[in-house]
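> Chain by chain, the residues:
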Amino acid sequence: MTAEADDGDLLEYVASGSDGARRLHLAVPDAYCATCIQTIEEALAGLPGVCNARVNLQRRRVQIDFEADCDPATLTDTVTRSGYRNHPIDPADVDDKDPALRELVSALVVSGFASAHTMFFSEAIWSGVEGDTRTLFYWISALVAIPAVAYAGRPFFRSALAALRVGRANMDVPIAIALIATTGISVLETRLAGQHAYFDAATMLLFFLLIGRTLDHVMRGQARNAASNLARLAPRGAQRALADGSLVFIRLEDIAPGMTLLLKPGDRLPVDCEVSGAAGAVDMALVNGEAMPVEASAGTQLPAGALVLDRPIEVVATRPAGDSFIARTAALMEAAEQVRTRYRGIADRASDLYAPLVHIAALATFIGWWVAGAGWHTALLNAVAVLIVTCPCALALAVPIVHVVAAGRLFARGILMKDGAALERLATVRHVAFDKTGTLTTGRPRLVGQVFGTGDWLPAASAIAAASNHPLAMALAAAGREPMLADCREIAGAGVEARIDGQVWRLGNARFCGAQDDGGGEGSRVWLAREGEVVAAFDFGDDIRGDAAATVAQLHGQGVSTSILSGDRAGSVGRVARELGIADAAHSLAPQDKVAAVEALRQKGPVAMVGDGINDAVALGAADVSFAPAAAADVGRAAADFVLINDRLLGVPFALWLARKADALVRQNLTLSMAYNIVVLPLAAAGMVTPLIAAVAMSSSSIIVVVNALRLRLQGPPGLEVLK
Amino acid sequence: MSGLIVLVVSAMGLGALALAGFFWALRTGQYEDIEGAAQRILLDDDMP
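Protein sequence lines correspond, in order, to chains A and B.
Just so we're aligned, residue 21 is where the first sequence starts under the working numbering, counting upward by one.
Just so we're aligned, residue 112 is where the second sequence starts under the working numbering, counting upward by one.
None of these hints come from the bench; they were simulated from the model.
Think of the CB as a built atom: it goes at the ideal place given N, C-alpha and C, for glycine as much as any other residue.
One thing to keep in mind: the hints can contain errors.
[Claimed, not checked] Now the in silico label distances, taken between C-beta atoms and shown as ranges: (1) B/134 to A/396: 39 to 47 Å; (2) A/380 to B/134: 35 to 43 Å; (3) A/624 to B/138: 32 to 40 Å; (4) B/153 to A/720: 39 to 47 Å; (5) A/167 to B/114: 24 to 32 Å; (6) B/115 to A/397: 27 to 35 Å; (7) A/613 to B/153: 52 to 60 Å.
Okay, chain A solo, but in the shape it has when bound (with noise of 0.2 Å):
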């Protein structure tokens, strides 16, 4: 790349402000500790132009104010330099504050502050603060209660009044009801100078159900900034050759058919291309599954998303960006995923047995003893303590709390998880069906061995292929580990040919060797010729992951059963299959027989997919949960619910194992809170609670399943942890 091109590229990405300052914000993912901090601001700050540079670590950003004579380029090579990637951040991106964790937060802080007053008071009045005194108290209570539960509610509010507008009911709507229900009636009674008002209660109760709220959107906040910053690293645009031979950069979106486009080693194909120039090889792994790279030339259609491997080549754009492979696999993915949009959660599927419930035996609990002849007021004080203790203030905490520690731990271990009921469905996978290549294999070729010819012709195999930087040589040259040749010559999407003590030797496909080319072998096949004889040939093979036998071994002692679906050709899937023990593999499937696949597979019960390749994308979609590898194609990783950061497959047992000790802690801490509720609403239906137990038996039962729900830091998986 030429520090030309760089500029035009950074420019798109630099804010000015008015007064010729201008700023750019730094991805750096890599950036963890205080080191990181130093190294990075010093190497800025030592640069002429360079007003500020400060690292945010919790965003993985370094934000750098420069002079409009400091050329940007230098910023981004003096980061890379001092050993961070990173790249350019777009200035619409960078503002991307989260306003309903903002929201949340001051909802959380505003109801703390309220019941730690309230229950000052409160305290008072159980102590035995009567008369005059105990009415102003109430006032001042109310007071401070009435704009709290106003403010503080909205969120409550908003969600029970979506829901009820659609004719639903979900956990807000009873949620809503106590609080508005407690605040009135305790306005009343304080209007009354009666006994019992419920200030305190309804802050309190306002504040837990807030924690259970805010920890739950955090939860999710992490692992989206997470995912994000992986999507960031990919390719927003492409270098575009105009006629005169000079190139700019050009944004993804603004790509249209018939433009020329050169991609470096390394770069994907950001739309639909045809080839117009030199060949080279393209790896095609993430677009369709297999593992070998294909060689593309002149006249090739290639998709968005293939990757370019050893030369620059150039193309021309056949399709906008908003018709390209990933855009068409993107809109069959949302279809697809209809499984997700009709799961409820199980926090609502049980506050639709609970709500109509507790609403009923409010309702009894006021005609009661009103029928008993016990008037209105105290009909109505009844009734409304039934609605506070019974509000599900253990039941809003039970579930999300749980899913918060867990995400906590399978962060620890490298997994992303992006959403709690993904957890849930993940608990009852019976079936996890696997992608073959960059999923359980490397996605790298790997020399198998030689397939014939008689005696040892590796080392002269791989002096040769040390000239090339085409993959297959690669392997064939780190197999051999020869010196390099001095007089060899690289034929684009040939091979090599290269003179030895005056022989020509040749390197390359069948055609340019002279071979014959049965088409066998499970993967790819490099010829070697010497004198335009063929002496030998090497095959290739994907390699398996270090730790995917363990994984599949570990699956099916978990009980569930395992698949391949791939892409690929039948031999390398069959060899995979067989070196796992993987009874079940499917080959050449196209993504929708993928889909297909995966629904059937669903016949027998929930299945989990993990993928990686555009391909699998819409199969990651159908599938009831899915993982994708942190390498996997953007829109894979954006259907997966997990994402394994550190690449490792043994995420996947250990998240299952998590999953179903998750559900099992979800399932206690319903029961748990459950129980609560049918010791004490009888005592508040027979009018025995006071606001000082609907306090005590509140807190402590929110406490108790929060109590319950820390037991998940503290197991271990029996069996799984040997193999770390």
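With chain A's structure known, arrange chain B on it following the hints.
Then chain B, alone, in the frame of chain A:
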């Protein structure tokens, strides 16, 4: 009774002050980089 008024008002005032302090911190971005702030303690002060 007058003592009570003083205590109630001062308790509420202190609480409100803390609340205002929190909102100030939230608005001025004190919580933007909690992890970084924790790590920066380990750095030397004589940074150029």
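> All the hints need checking, so say for each whether the structure fits it.
Now the hints, each set against the structure:
Distance hint check: the CB atoms of residue 134 of chain B and residue 396 of chain A are about 42 Å apart, consistent with the given range 39 to 47 Å. Between residue 380 of chain A and residue 134 of chain B the C-beta distance comes to about 41 Å, which sits within the given range of 35 to 43 Å. In this structure the supplied range 32 to 40 Å is violated for residue 624 of chain A paired with residue 138 of chain B, their Cβ-Cβ distance being about 55 Å. Distance hint check for residue 153 of chain B and residue 720 of chain A: the Cβ-Cβ separation is about 41 Å, which falls inside the suggested range of 39 to 47 Å.
Taking 24 to 32 Å as the suggested C-beta distance range, the pair residue 167 of chain A and residue 114 of chain B conforms, at roughly 27 Å. About 29 Å separates the C-beta atoms of residue 115 of chain B and residue 397 of chain A, a value consistent with the hinted range of 27 to 35 Å. A hinted range of 52 to 60 Å for the beta carbons of residue 613 of chain A and residue 153 of chain B is consistent with their spacing of about 54 Å.
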